[in-house]
Amino acid sequence: DVKVTQSSRYLVKRTGEKVFLECVQDMDHENMFWYRQDPGLGLRLIYFSYDVKMKEKGDIPEGYSVSREKKERFSLILESASTNQTSMYLCASSSGTAGDTQYFGPGTRLTVL
Amino acid sequence: QKEVEQDPGPLSVPEGAIVSLNCTYSNSAFQYFMWYRQYSRKGPELLMYTYSSGNKEDGRFTAQVDKSSKYISLFIRDSQPSDSATYLCAMNGVVGGKLIFGQGTELSVKP
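Chains as they are written, first to last, in this note's numbering: chain A, 198 to 310; chain B, 7 to 117.
Fair warning: there could be bad hints in the mix.
When the alpha-carbon atoms are kept at most 25 Å apart in a straight line, the in silico BS3-like pairs for lysine-lysine are as follows [claimed, not checked]:
hint : chain 1 : residue 1 : chain 2 : residue 2
1    : A       : K267      : B       : K8
2    : A       : K200      : B       : K48
3    : B       : K104      : A       : K200
4    : A       : K254      : B       : K104
5    : B       : K104      : A       : K268
Rather than coming from a laboratory, the hints here were simulated on the basis of the structure. Predicted model, so just to flag it, every value in this text is computed and none were measured.
Using the sequences and the accompanying hints, generate a full structural model.
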């Protein structure tokens, strides 16, 4: 079974703090993704990566950055957290081969006060 | 107009009912279609994956794709309280590419 783990299930931070969200997958997948999920807005893609040290902006990259130093690990960074970044953050990975799709982690519920 | 439209519900049905969940889309390039199930406070899990038009059955679940109408459906037969979750449709045009998600439909199956 594919396993995608995220460093925290719940996180509370203050406005202006730097926040790191970590994601690790154990299936040697090439592709990794970060989404945020908000009521009424569904899943929105923040950033994705097709390879180590490679990143692509998604639909809502503003206020976020990412890092992929190793194939299995993809980090989402909030340089200066703001209250409008309170959300559920979901990481996903995929092999990118035919017949495969994205597998999600359990999510991190981030609250910015 | 959103690329993928999905009725957010909520949808409430009695146990044993047949449930129909639907999505419409506008991009004719989409050819890979997925349904994810998401329980409360959990990440989405893949339920069904289909390529191009046609039907796919897995136990009580049937996924249907009609590319000519740009319409996909998920049918749940003999629904159970354990099926209570949010169901998300997703699709893309390229293997491994960005997935476009519907908003999700919240389903509640009452005993």
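How the hints compare with the structure:
1. A/K267 x B/K8: violated (35 Å)
2. A/K200 x B/K48: holds (14 Å)
3. B/K104 x A/K200: holds (20 Å)
4. A/K254 x B/K104: It holds: about 11 Å lies between the C-alpha atoms, which stays within 25 Å.
5. B/K104 x A/K268: holds (19 Å)
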